[in-house]
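Residue numbers (my numbering), protein chains in the order written: chain D, 1 to 168; chain B, 169 to 554; chain Z, 555 to 701; chain U, 702 to 992.
Because the hints were derived from the structure by calculation, they are not lab data. Check each hint, because a few of them may be wrong.
[Unchecked claim] Here are the simulated lysine-lysine pairs, BS3-like style, with alpha carbons at most 30 Å apart: (1) Lys686/Z - Lys808/U; (2) Lys799/U - Lys719/U; (3) Lys305/B - Lys897/U; (4) Lys30/D - Lys51/D; (5) Lys601/Z - Lys305/B.
Note that the coordinates shown come from a computational prediction; the quantities given were computed from them, not determined experimentally.
Here is how the chains run, residue by residue.
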Amino acid sequence: MAQKSLNIADNKKVVEELVSTLKDKVLDVKWSGPRRVYVKIAPHSHREFIKWVRDKFPNSSYLVSIDTVDFIDRGEFEIRYKMQIVHNSIKLALIFEMNVPRDYPKVRTITDIVPGAVLYERENYEMFGIIFEGHPNLAKFFLPETWPEGVYPLRKDVNILRKKPKVW
Amino acid sequence: MSSLISLVVGPQHPALHEPERFVFKIEGETIVDVEPRLGYVHRGIEKLMETKEHTEAIYLAERVCGICNVAHTLSYGEAVEEAAGIEVPPRAKYLRVIAHELNRIHSHLLLLGVAAELMGFETLFMLIWRDREIVMKLTEDLTGNRVISAFVLVGGVSRDISPELVYKMRKHLPKLYERVKQYKKMMEEDPTFTARTVNVGYLSKSRMLELGGVGPTARGSSVRMDVRDFDPYAAYDEIPFNVIVYDEGDSWARFMVRVDETLEAINIILYALDHLPQGPIRVRPPRGFEGEGFGRVEAPRGEVFHHTIWRGESKPWRHRIRTPTYANIPAVCEMFKGYHLADAPVILGSIDPCFSCTDRLYVVDVRTGEEKVIPYWYIRKKYWKR
Amino acid sequence: MGIVNWARLRSPWILHFPAAGCNACDIEILAALTPRYDVERFGILLKPSPRHADVLIVSGPVTEQVARRLKRIYEQMPEPKFVIAVGTCAISGNVFQTSPFVYEGVDKVIPVDVYVPGCPPRPEAIIHGVVKLLEKIKGGGNGAKKS
Amino acid sequence: MGRIPSLIKEVFENVFKKPATHMYPFEKPDISEGFRGRPYFVWERCVECGICEYVCPTFAIKLKWTNGRHVPWYDMSRCCFCHECIYNCPSNAILPSKDFELSAYKKYQYEGLPEVPVAPFEKKDVYKPRYINIDYSKCVECRLCADVCPTHAITMTIKDGRVVPQYDADICILCHKCVEICPSEAISSTITFPEKPEKIPKELPPSPLEKIGLIRHRTITFDRNACTGCTLCSRVCPTEAIVMKEIGGRLLPIYDIRKCIFCGQCYEVCPVNAISFEPDLPLGLRRKKKQ
Numbered sequence: 001m002a003q004k005s006l007n008i009a010d011n012k013k014v015v016e017e018l019v020s021t022l023k024d025k026v027l028d029v030k031w032s033g034p035r036r037v038y039v040k041i042a043p044h045s046h047r048e049f050i051k052w053v054r055d056k057f058p059n060s061s062y063l064v065s066i067d068t069v070d071f072i073d074r075g076e077f078e079i080r081y082k083m084q085i086v087h088n089s090i091k092l093a094l095i096f097e098m099n100v101p102r103d104y105p106k107v108r109t110i111t112d113i114v115p116g117a118v119l120y121e122r123e124n125y126e127m128f129g130i131i132f133e134g135h136p137n138l139a140k141f142f143l144p145e146t147w148p149e150g151v152y153p154l155r156k157d158v159n160i161l162r163k164k165p166k167v168w
Numbered sequence: 169m170s171s172l173i174s175l176v177v178g179p180q181h182p183a184l185h186e187p188e189r190f191v192f193k194i195e196g197e198t199i200v201d202v203e204p205r206l207g208y209v210h211r212g213i214e215k216l217m218e219t220k221e222h223t224e225a226i227y228l229a230e231r232v233c234g235i236c237n238v239a240h241t242l243s244y245g246e247a248v249e250e251a252a253g254i255e256v257p258p259r260a261k262y263l264r265v266i267a268h269e270l271n272r273i274h275s276h277l278l279l280l281g282v283a284a285e286l287m288g289f290e291t292l293f294m295l296i297w298r299d300r301e302i303v304m305k306l307t308e309d310l311t312g313n314r315v316i317s318a319f320v321l322v323g324g325v326s327r328d329i330s331p332e333l334v335y336k337m338r339k340h341l342p343k344l345y346e347r348v349k350q351y352k353k354m355m356e357e358d359p360t361f362t363a364r365t366v367n368v369g370y371l372s373k374s375r376m377l378e379l380g381g382v383g384p385t386a387r388g389s390s391v392r393m394d395v396r397d398f399d400p401y402a403a404y405d406e407i408p409f410n411v412i413v414y415d416e417g418d419s420w421a422r423f424m425v426r427v428d429e430t431l432e433a434i435n436i437i438l439y440a441l442d443h444l445p446q447g448p449i450r451v452r453p454p455r456g457f458e459g460e461g462f463g464r465v466e467a468p469r470g471e472v473f474h475h476t477i478w479r480g481e482s483k484p485w486r487h488r489i490r491t492p493t494y495a496n497i498p499a500v501c502e503m504f505k506g507y508h509l510a511d512a513p514v515i516l517g518s519i520d521p522c523f524s525c526t527d528r529l530y531v532v533d534v535r536t537g538e539e540k541v542i543p544y545w546y547i548r549k550k551y552w553k554r
Numbered sequence: 555m556g557i558v559n560w561a562r563l564r565s566p567w568i569l570h571f572p573a574a575g576c577n578a579c580d581i582e583i584l585a586a587l588t589p590r591y592d593v594e595r596f597g598i599l600l601k602p603s604p605r606h607a608d609v610l611i612v613s614g615p616v617t618e619q620v621a622r623r624l625k626r627i628y629e630q631m632p633e634p635k636f637v638i639a640v641g642t643c644a645i646s647g648n649v650f651q652t653s654p655f656v657y658e659g660v661d662k663v664i665p666v667d668v669y670v671p672g673c674p675p676r677p678e679a680i681i682h683g684v685v686k687l688l689e690k691i692k693g694g695g696n697g698a699k700k701s
Numbered sequence: 702m703g704r705i706p707s708l709i710k711e712v713f714e715n716v717f718k719k720p721a722t723h724m725y726p727f728e729k730p731d732i733s734e735g736f737r738g739r740p741y742f743v744w745e746r747c748v749e750c751g752i753c754e755y756v757c758p759t760f761a762i763k764l765k766w767t768n769g770r771h772v773p774w775y776d777m778s779r780c781c782f783c784h785e786c787i788y789n790c791p792s793n794a795i796l797p798s799k800d801f802e803l804s805a806y807k808k809y810q811y812e813g814l815p816e817v818p819v820a821p822f823e824k825k826d827v828y829k830p831r832y833i834n835i836d837y838s839k840c841v842e843c844r845l846c847a848d849v850c851p852t853h854a855i856t857m858t859i860k861d862g863r864v865v866p867q868y869d870a871d872i873c874i875l876c877h878k879c880v881e882i883c884p885s886e887a888i889s890s891t892i893t894f895p896e897k898p899e900k901i902p903k904e905l906p907p908s909p910l911e912k913i914g915l916i917r918h919r920t921i922t923f924d925r926n927a928c929t930g931c932t933l934c935s936r937v938c939p940t941e942a943i944v945m946k947e948i949g950g951r952l953l954p955i956y957d958i959r960k961c962i963f964c965g966q967c968y969e970v971c972p973v974n975a976i977s978f979e980p981d982l983p984l985g986l987r988r989k990k991k992q
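All chains, full assembly: derive it from the sequences and hints.
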């Protein structure tokens with residue numbers, strides 16, 4: 001099958017190029033399988049990485065998702081931007097991990113680079129309270145009007161489940 | 169701009185099959201802007217996932233969306249298996265492919281029928297749904313229920329396929345193939361269908377990539393992306409198939425992608441039945457483990473994406489679900505612009521919307537208002553643990 | 555049994571309200587209308603407007619946002635009105651029970667006449683539920699008393 | 702208009718065919734062999750293990766004390782018909798069926814239980830078929846059994862200088878989690894155990910650790926005069942064995958030996974050396990203490 005050809009060397013080359021271009025912003029690179037790579041990036045540098053990917057592969061890359069993990073024990077959020085590149089033999093999922101302090105969660109928006117990120121950023125604002133500066137319309141999307149201000153349901157310290165989960 | 173009118177459609181509306189609301193800003197008959205409001209189907213699944221072990225949570229994942237339930241369980245299973253480091257037996261992989269493709273056929277036929285109904289083409293709706301019953305019967309034979317299958321479990325599948333069922337599938341699926349080919353011809357030629365879909369809801373390739381559309385919606389705009397192709401899961405790295413791409417970028421192309429995918433899915437099932445390996449169908453997963461896992465699955469509507477983080481407990485630390493309709497909403501809002509209001513149901517139908525997928529996160533209840541106050545001891549305990 | 559009740563038995567008109575469900579029950583209700591099961595044999599007709607409907611079919615778990623709309627739709631229906639809860643989610647909340655924001659069943663919001671369990675129920679089970687409702691109306695259920 | 706006939710032909714073909722409709726209420730429905738319908742419980746076979754309650758994703762099964770037995774109460778209105786309980790039942794006491802005509806007028810018709818028959822083992826003058834048997838000469842006092850026990854039938858107590866599990870046969874649901882988890886195979890289930898075992902035997906055999914020369918560190922002492930009430934020990938304690946309580950105007954640590962796992966973290970963290978081990982930690986495990 002021609003379309004299933006995967007060249008691992010090509011994938012590695014892309015990551016090497018990325019690391020060499022934005023050398024000082026890359027903190028760590030971790031491969032999980034030949035098609036997926038976790039790139040730990042410096043705070044507030046996500047725009048450069050996403051711009052780099054979108055500029056290099058304008059017709060073969062897209063933003064898969066933005067999500068947040070609440071590491072309450074470390075006192076920080078980890079925002080993950082997931083990009084997918086499919087270009088000839090390059091088939092690579094890039095995950096950019098970025099730490100944000102828990103008491104001051106504020107990052108720049110990427111909606112001017114990727115307009116499709118509008119809903120993901122709104123969702124992360126709603127569920128975790130991360131403020132995306134420069135977002136066109138950072139309003140409620142899922143939660144109803146009666147939801148109290150300042151309570152973000154997916155944070156780990158918010159306990160709103162009705163029944164106790166099973167003890168086993 | 170004085171003639172700009174806001175028209176609210178929903179939450180309960182005959183053209184919408186689920187409760188959601190769209191505010192169309194119209195000038196005369198033309199849609200200028202659209203503002204979606206979701207959240208009516210919001211059930212808090214991601215939070216619930218953090219309180220359930222994988223034996224229970226697979227049934228929760230199944231009910232994110234009932235139509236593409238196999239895609240969600242498969243995605244959940246793939247994610248947890250990667251996190252726990254389990255390798256699924258080869259027979260289970262092939263059985264997963266068979267269930268997944270049956271699910272895809274049923275979902276695509278469902279949408280084509282509903283789309284025909286939205287256009288007022290009742291005859292085609294009834295004919296397609298009559299033939300869809302063949303797939304429903306096969307799904308019921310294989311998994312035990314017509315829709316919600318409970319077939320994929322973490323570490324394998326729940327039941328084996330019998331030789332009689334293999335024979336039955338080989339007998340019935342080619343029949344269905346002929347029928348779908350007939351419908352394809354109808355949709356290409358019939359003026360009732362083409363008049364409502366051709367050149368309606370156009371979106372170019374570059375715009376589609378910017379807005380992050382996935383699945384058949386993107387493939388209708390000549391974006392050649394299919395998770396089965398670029399990130400194969402289950403047994404898709406061994407099965408040959410074609411990625412269907414249409415270049416037109418309008419609603420018609422999006423429907424045709426689905427018709428062709430239905431035909432392709434039947435071929436995949438027949439290939440998988442021929443090459444079904446022997447062996448066990450399930451391995452036992454561990455209870456608590458540490459790790460991170462991805463599950464990316466090409467659901468009928470696009471890419472379903474489960475990402476799970478386990479930190480040594482029997483419950484996940486964080487479980488993230490990205491569903492295809494959610495990714496397609498910015499694209500569909502762009503598609504509406506510049507077309508007549510009467511075209512709106514067809515355009516919305518052409519992305520195969522599934523809002524129960526989309527609103528999975530959280531929902532509010534007035535009765536538990538007092539519980540939202542976070543007790544101090546809870547924070548303290550969380551902070552001071554270790 | 556008056557002539558009105560007789561007419562109602564011959565042709566109950568149905569409004570389908572999908573609450574926050576996973577769509578599985580919805581497509582099974584739709585499947586019950588299609589050639590294989592064809593509930594129009596019993597004169598059952600799916601109506602888009604609550605003003606025309608005698609029977610309200612609710613499927614899926616009821617969330618707070620949907621509950622308000624569901625109540626409004628129920629109030630808009632003309633008397634006598636009947637409600638069928640289709641699917642386990644509509645009866646008790648199913649796997650979403652622990653979520654604090656899903657009601658444990660439709661009957662917490664509006665009165666329900668017939669419950670149809672199943673996840674999702676087969677189209678035959680839905681037909682069975684409708685037939686059971688018709689029996690109830692015939693036997694002088696709450697609908698007959700009201701009219 | 703030459704394009705229309707493809708559909709017209711289709712329609713006319715169907716006019717002469719047999720209707721596709723299945724006349725359900727007047728005809729037997731066509732249901733597959735493996736259809737997942739309502740599960741049925743066979744009380745005679747039930748060993749009251751509680752696994753079905755554990756695996757049920759929708760809280761439809763609950764074990765309740767009925768007629769002297771812990772039997773599963775099944776609430777069909779919550780059931781999602783996933784058959785997970787059937788796959789997991791160790792004694793095949795839950796049977797699948799193809800029943801789907803389950804609609805009812807009232808919700809309470811789904812709950813409840815038919816009369817529970819007498820368990821088969823009671824007829825043979827055996828009180829219960831199996832008990833958990835704890836061999837104290839093998840027990841290494843790791844307290845894993847007490848952790849996994851879902852009903853707290855096994856709890857840790859202090860006797861003869863050992864922290865050992867005690868077993869309450871009345872609450873035990875015989876889930877055998879403790880048998881599975883015990884690292885030293887000290888817990889076993891006996892099929893023909895004649896009578897109810899004691900909670901804890903009157904005399905305990907010596908610990909197996911002492912035979913090979915290891916000494917279990919059994920006591921942690923707190924020097925209350927030296928304590929400053931800084932609460933550090935209660936914060937680091939992983940098992941919440943140390944709780945701070947106000948006694949006589951001072952905040953003092955209250956120590957529960959049954960929860961303690963002797964990890965030594967409190968010893969390490971105490972700023973004024975008010976915590977001491979007795980006997981002292983062996984050399985290999987002793988941590989460096991900052992002065």
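These are the hints, each one checked on the structure:
Proximity of Lys686/Z to Lys808/U is assessed by CA-CA distance (about 15 Å); at most 30 Å being required, the pair is judged to hold. For the hint linking Lys799/U to Lys719/U, the alpha-carbon distance of about 28 Å falls within 30 Å, and the restraint holds. Of the pairs offered as hints, the one joining Lys305/B and Lys897/U is violated, with about 53 Å between alpha carbons and a cut-off of 30 Å exceeded. For the proposed pair Lys30/D and Lys51/D, the alpha carbon gap of about 21 Å is at most 30 Å, so the pair holds.
For the hint pairing Lys601/Z with Lys305/B, the CA-to-CA distance comes to about 28 Å; that is within 30 Å, so the pair holds.
Comparing the model with each earlier hint shows a violation of hint 3 alone; every other hint is respected.
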